[in-house]
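Asks: Residue numbers (the working numbering), protein chains in the order written: chain P, 1 to 112; chain F, 1001 to 1112; chain A, 2001 to 2112; chain Z, 3001 to 3440; chain B, 4001 to 4440; chain X, 5001 to 5440.
Everything labelled a hint here was simulated from the structure, so no lab data went into it. Small disclaimer: the values here were computed from a predicted structure and weren't measured. Heads up, some of the hints might be wrong.
[To be verified] No more than 25 angstroms apart at the CA atoms, straight line, and that leaves these computed lysine-lysine pairs for DSS-like:
(1) B:K4333 - A:K2040
(2) F:K1003 - P:K3
(3) B:K4279 - B:K4403
(4) A:K2040 - F:K1040
(5) X:K5403 - P:K40
(6) X:K5331 - X:K5218
(7) Z:K3279 - Z:K3331
(8) A:K2003 - B:K4216
(9) X:K5403 - X:K5282
(10) B:K4403 - Z:K3282
(11) X:K5403 - B:K4282
(12) B:K4282 - A:K2040
(13) F:K1040 - Z:K3403
(14) Z:K3282 - Z:K3216
(15) X:K5210 - P:K40
(16) Z:K3282 - F:K1003
(17) P:K40 - X:K5218
(18) Z:K3216 - Z:K3279
(19) B:K4403 - A:K2040
(20) Z:K3279 - F:K1040
(21) P:K40 - X:K5213
(22) B:K4213 - A:K2040
(23) B:K4282 - B:K4331
(24) P:K40 - X:K5279
(25) P:K40 - A:K2003
(26) P:K40 - Z:K3403
(27) A:K2003 - F:K1003
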Amino acid sequence: MKKVECIIKPFKLEEVKETLANLGISGMTVSEVRGFGRQKGHAELYRGAEYQIDFIPKIKIELVLPDERVAEVVEAIRQEAATGTIGDGKIFVHGVEQAVRIRTGETGSEAL
Amino acid sequence: MKKVECIIKPFKLEEVKETLANLGISGMTVSEVRGFGRQKGHAELYRGAEYQIDFIPKIKIELVLPDERVAEVVEAIRQEAATGTIGDGKIFVHGVEQAVRIRTGETGSEAL
Amino acid sequence: MKKVECIIKPFKLEEVKETLANLGISGMTVSEVRGFGRQKGHAELYRGAEYQIDFIPKIKIELVLPDERVAEVVEAIRQEAATGTIGDGKIFVHGVEQAVRIRTGETGSEAL
Amino acid sequence: MAAAGLVLALPGFGLAEEVAINAAEVQENLNFVWTLIAAFMVFIMQAGFSMVEAGFTRAKNACNILMKNMMDFSVGALGFWALGFGLMFGVSNGFFGTTDFFFSGASGEGEAWNYAFWMFQTVFAATAATIISGAVAERTKFSAYLVYSVFVSAIVYPISGSWAWGGLFNGSGWLENLGFIDFAGSTVVHSVGGWLALAGAIVVGPRLGKYDKGGKVKPIPGHSIPLAGLGVFLLWFGWYGFNAGSTTTGDTSIALIAVTTTLAAAAGAIVAMGATWFKYGKSDVGMTLNGALAGLVGITAGCENVSPLSAVIIGAIAGVLVLYSVLFFDKIKVDDPVGAISVHGVCGAWGTLAAGLFDTAGFSLQVVGVQLLGIVVYFAWAFGAGLILFKLIDVLMGMRVSKEEEMAGLDFCEHGASAYPDFQTVRLGTVFTPGESAGK
Amino acid sequence: MAAAGLVLALPGFGLAEEVAINAAEVQENLNFVWTLIAAFMVFIMQAGFSMVEAGFTRAKNACNILMKNMMDFSVGALGFWALGFGLMFGVSNGFFGTTDFFFSGASGEGEAWNYAFWMFQTVFAATAATIISGAVAERTKFSAYLVYSVFVSAIVYPISGSWAWGGLFNGSGWLENLGFIDFAGSTVVHSVGGWLALAGAIVVGPRLGKYDKGGKVKPIPGHSIPLAGLGVFLLWFGWYGFNAGSTTTGDTSIALIAVTTTLAAAAGAIVAMGATWFKYGKSDVGMTLNGALAGLVGITAGCENVSPLSAVIIGAIAGVLVLYSVLFFDKIKVDDPVGAISVHGVCGAWGTLAAGLFDTAGFSLQVVGVQLLGIVVYFAWAFGAGLILFKLIDVLMGMRVSKEEEMAGLDFCEHGASAYPDFQTVRLGTVFTPGESAGK
Amino acid sequence: MAAAGLVLALPGFGLAEEVAINAAEVQENLNFVWTLIAAFMVFIMQAGFSMVEAGFTRAKNACNILMKNMMDFSVGALGFWALGFGLMFGVSNGFFGTTDFFFSGASGEGEAWNYAFWMFQTVFAATAATIISGAVAERTKFSAYLVYSVFVSAIVYPISGSWAWGGLFNGSGWLENLGFIDFAGSTVVHSVGGWLALAGAIVVGPRLGKYDKGGKVKPIPGHSIPLAGLGVFLLWFGWYGFNAGSTTTGDTSIALIAVTTTLAAAAGAIVAMGATWFKYGKSDVGMTLNGALAGLVGITAGCENVSPLSAVIIGAIAGVLVLYSVLFFDKIKVDDPVGAISVHGVCGAWGTLAAGLFDTAGFSLQVVGVQLLGIVVYFAWAFGAGLILFKLIDVLMGMRVSKEEEMAGLDFCEHGASAYPDFQTVRLGTVFTPGESAGK
Ligand SMILES: Nc1ncnc2c1ncn2[C@@H]1O[C@H](COP(=O)(O)OP(=O)(O)O)[C@@H](O)[C@H]1O
Ligand SMILES: Nc1ncnc2c1ncn2[C@@H]1O[C@H](COP(=O)(O)OP(=O)(O)O)[C@@H](O)[C@H]1O
Ligand SMILES: Nc1ncnc2c1ncn2[C@@H]1O[C@H](COP(=O)(O)OP(=O)(O)O)[C@@H](O)[C@H]1O
């Protein structure tokens, strides 16, 4: 099994979720993060003074998948999440040794 | 070392934490996430219109452990977090190559 | 590639970020977590009653790096984030098999 | 502080008898005190509107809502001073007033009353403009908002206002001469605001994401129900000034008005709550809040000429009306984030009709006829003027922000600001609260 | 707006002299203006209660709190119109009034005053009901809440109210005939609300998680202290209407009342703060807010018959009392999320006693005896009626939501809603703010 | 409730004619009613200040802000009762009053008025103290705050207040004898508060993180703009009581005051908004809110002796002034989280000057001279006394919390509390809202 972790622009979440659902992905875990990267943040204004914002809201999606589905899913996310502009985000993949479904105790791919 | 990452129902946090403490687990990191899975979300009502909620709040617990403790801990969490109903969550395990305690610079199992 | 995941005290974020920037690290992802560890939490007061707080706010920084930069970055973070008091946090390192830049589709170290 | 010349009135100085003040003068003073306190109470409705509108929209647009409410009062006050008051209450040319701009008539004996009356009318004018801001929230350009805000407070509202209320000051209105009943403004203020809001919402179009690809309604829940609830309480409070203050006379007639206002609002809230409970199996908070406001708008026209029982009926009907009206406008794809069109437009029209139907002077077809005429004429005027105004603004400067700006939120795009910098405010679809019942 | 017949009173028209109005009539008008403005100020206390109760409870129940406050006023107003006012102020059968239901007595000369007085009394009745909602918050079924809300505003409160205040209108009360002093309702309103709250909290039981397995108290901090603080300011403001308005006469006696009200509230806040500081080494925000309210409740009975110095003492004692009372009720496992029992019940009783002890007419054992009698009788009535009422409701329809619903929050379960959809609101135990002092 | 003896005034009882009340007595009653209602409205400004100050600071200090506002009113009321009122309005020794402490003069005919006047003046005194709390927010020790709060309300403010207003009661002031115009307190209240705030902000020093290593300003955005906006509306509402109530007489002169107050605030808000839009390309919410307050402070001195047009000009100038003043103080490293020094100090001085420049009695160099004298004298007094007071406190008990405490937040360190336990409130620098326009 692998874990696919992707950082995307927040407003892309809905579309990525639907793409994944269409691929038959039945589960994922989402969280709110803030990114720092090439996309540089903007100036804001507060009571007559400007200041820089460094961290930009992003959404992190975590998916654990059987090895054989990884390539396809990564590609699907990439296509759906891309806008072609800086800050579109990243996809990281790494190994998962074990998965357990808490409800039933099933393990491995069965648990996903 | 391994990292045990589990996604549980929020109201189970307290009990899981106590179970872990009883096992002598001295540290963990918790965050709020939202899950998408078999448990399908509910309808809500807003000013006379119903709508579907897709993402369900979950708690993610991350624990880094020496290899030998993993099996026992996973099992303990599984038992404590299970309610037997859909949406109880998952436990994922993967390898960690290095751990450092920032305060002292200790590394490996010493750092946990 | 490796992922360096560190849990630090929130008020250290700014300094760690600058140290990393000085090392030429161009990207990272930050999130808010709550830690449970040796640092034991404090008592709070609410309408005439005291109670214990178990979870302490921490910041998690995730960085994916080419293997060769890991040692140096871990050490820099350690130095910058340390205050020498309990609760300074941890740095964990594990392997990443693949990285993709969503915008361009670049993969591997190119994508970071 | 009290200048020396006022010492006569300072109690405890033993001088009170020196200068003879007569009862009529004291009553006049009382009228001023009452009218101005009522005006201040109506002012607090601006806070109420801000909280309702901010609460019923997303966190990313909260600064913008505050700015709009702050500005429509500010711009409205200056506009009403310069132009609006004269158009509404100046000596009329039959269609609108033509004197009393910039307080030009404020001199001599009537000067003080001119100020007091202006104050009371200004807070009304600002209300009309504020109503629109809710309906076009979360997507309208701030500059466009400012422009139409001036036009509404200074021109559109005063002109039609003069038809029913001009006679309260130096003007005279053709509708009031026909016997049109609208004591505190179900039509003159609320419907006008509501129909302008309708025109605005049509021209600016629905918010991104309000309708899915299939055209199905996707509710966009407001970001803070506690603020919205606070707002409704503030509005209800201010409404006592709005309705009872419309006597502009401190006398015993204000008591009945307070009663009918209370009962109608209560009935509106209860019925709206009951209706959602019946329909959905759960009682809907947002709609209940709208129901209270619907009852208040409904009773505004007839608050002094209907019985307490009639007030309950009027409020109750408004409470159902607002629910179905909200559903109706949602269905025909007029996106009104706070329900302003239904609350103010539809229930304002209902209230105006009801003031005729339930008139304690007795039911008369003629009275009802005039009420209907008024309703229609004001709809035509406000909706028509609104369409033209908003279309013109759209063509000349654009009514709506870009898609990117709308997604990022008006707070950032228009004001470079964040309403809640210490909180994460990302909306992943609305969420459950923890401890959700397992496996349900 | 002012009908033509009122022109006499419109200043600046030069007509004022035409119709002779006499000083007594103007005074009557002033009484109406004063009484109604005071009533409107008391109305804003509903907003105050909402904010205090919402702020002192968890985010997942905030919509429910707003609904309850909106509804107890709405339901209470209709119930008081139909039944309550007559029971309280109708011609009495010795135990309660039996006339004046549905404004049936509102006609002739006294009609307008009937309306004004009803308005003032209605906001009082709603206060009594609202007090309970805080004590049973976060676990009570909304339907049960609605039912008891009707009973309290329309029956329980009015019956006992008639004993002390019936004589203010058409009734006559046995307690007032004994000389019972409760000017603005420390007992009649606040204690009654507080003791009903006590009965309610006992019947409904403590919130899940309020006591750990060992029975130790685990505080459940409220989700927004700024809203709670706002609420206290709004309540304090409204209290000026509550106390000073209880003259229902616009005369110079209102000044002392405003002073005693101010000083007692200030003393209550300061002493409650000081007491927590002394006891815990830190000054407790929530208890300080409770302390201000305790001072206000404490002075309510005696606000017009005690000296400013006595007011300070009364408030100060209320400020300590509320702290130890809250601790006491926590200890005996009566879970009162906002402290309503202590603030309104206990400090209401104290205030009633104090109105006798510090009476500026001089200390008299007999007066104090009657005060004690009143305290006991009202406790017996309100707590007794409350136990029966809540038990009955519990048996017939259930007072409390299920464990799952309580965990998920009433907002979702009862109203299908979320108070803050744009925010994550997960409670992992309360948290530190960033930058916590290292290693402490 | 109305005691039996008041029945005369209860309408609808047919007894009204029995006791003859004359017009002067009714007017006296009206003056009480008006003055007290105005005082209650000014009281609500405490809620306004709390919301503005809490909204403009960080979530981790929100409880502390509420505590401070609750306490400065409470402590101030007791202090003003004990000492302040006498120093300000007692028979003067030329520099301050020396009688009327603890209501010692409240007896006989003038007793009731003594209470009413005290009530009105107390809410003013509390305002002066509250102003400071914003400027020293987020880093000042709570104990130090309490101490200076007492000194300000009970000594510093009353002494200088006696110079201009002592003659309103038993005192007499040297400045008022020179003809100094400050009707409702641009200088007496606001500037004094502002200059004390300046002294406080200097002594306590800037917040950690307000300036980077290079000395560059790093704004620290406030955590809730909606609360700040609500606060401004509440302040604006209360200001009507502040300005118009300063007649302490219910007569027709209050109308002009309401008008000038409205127009100046509106102009201030519009101009501040326009100025930021012009300067930064975006309209700044926080500065617009400050602009409305600046207009209000500016008109306070001259609200009854300038024309409506002058009010617009005065407000407009205040609106620009506040922007540049905020930038100026930021630059010279006086860190004022809410802009209190600029709004109250600077615009208060401007308003005092303007009351002379735009005097409807005609322009006179002498009048302007006296105004300038007053401005300078009050600056010297308030800033001087402030520096001494704060320095003394700093030396004796410390003005500022430790670095660790400041980072952790005052809520936790001073009160062991969290303002928002259900929310994560970590500030990673301010963030964008979702959907930010791609790649911009
Ligand atoms: N090395 C990294 N490790 C972890 N997260 C990263 C890394 N680099 C970038 N990110 C995340 O990806 C987001 C997008 O990266 P950015 O450099 O702004 O744009 P792009 O991916 O288009 O080059 C960042 O906001 C950050 O959250
Ligand atoms: N493949 C997956 N990868 C990551 N997280 C998952 C995955 N599947 C499920 N989850 C997480 O586990 C939670 C529970 O899963 P769900 O399918 O609802 O119930 P169950 O685990 O009882 O079958 C989800 O809400 C989601 O957060
Ligand atoms: N075994 C672990 N797995 C995951 N996170 C941990 C672990 N132990 C500690 N942490 C995280 O590190 C933080 C600091 O740990 P703590 O034991 O308090 O101090 P220190 O690192 O100085 O010994 C904790 O708050 C928690 O977030």
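Asks: Each hint should be assessed against the structure and marked as holding or not.
Replies: Hint-by-hint comparison with the structure:
no., hint, result
1, B:K4333 - A:K2040, "violated (28 angstroms)"
2, F:K1003 - P:K3, "holds (13 angstroms)"
3, B:K4279 - B:K4403, "violated (35 angstroms)"
4, A:K2040 - F:K1040, "violated (37 angstroms)"
5, X:K5403 - P:K40, "violated (30 angstroms)"
6, X:K5331 - X:K5218, "holds (11 angstroms)"
7, Z:K3279 - Z:K3331, "holds (17 angstroms)"
8, A:K2003 - B:K4216, "violated (44 angstroms)"
9, X:K5403 - X:K5282, "violated (35 angstroms)"
10, B:K4403 - Z:K3282, "holds (18 angstroms)"
11, X:K5403 - B:K4282, "holds (18 angstroms)"
12, B:K4282 - A:K2040, "holds (20 angstroms)"
13, F:K1040 - Z:K3403, "violated (30 angstroms)"
14, Z:K3282 - Z:K3216, "holds (21 angstroms)"
15, X:K5210 - P:K40, "holds (22 angstroms)"
16, Z:K3282 - F:K1003, "violated (43 angstroms)"
17, P:K40 - X:K5218, "holds (18 angstroms)"
18, Z:K3216 - Z:K3279, "holds (19 angstroms)"
19, B:K4403 - A:K2040, "violated (30 angstroms)"
20, Z:K3279 - F:K1040, "holds (23 angstroms)"
21, P:K40 - X:K5213, "holds (21 angstroms)"
22, B:K4213 - A:K2040, "holds (21 angstroms)"
23, B:K4282 - B:K4331, "holds (21 angstroms)"
24, P:K40 - X:K5279, "holds (23 angstroms)"
25, P:K40 - A:K2003, "holds (22 angstroms)"
26, P:K40 - Z:K3403, "holds (21 angstroms)"
27, A:K2003 - F:K1003, "holds (13 angstroms)"
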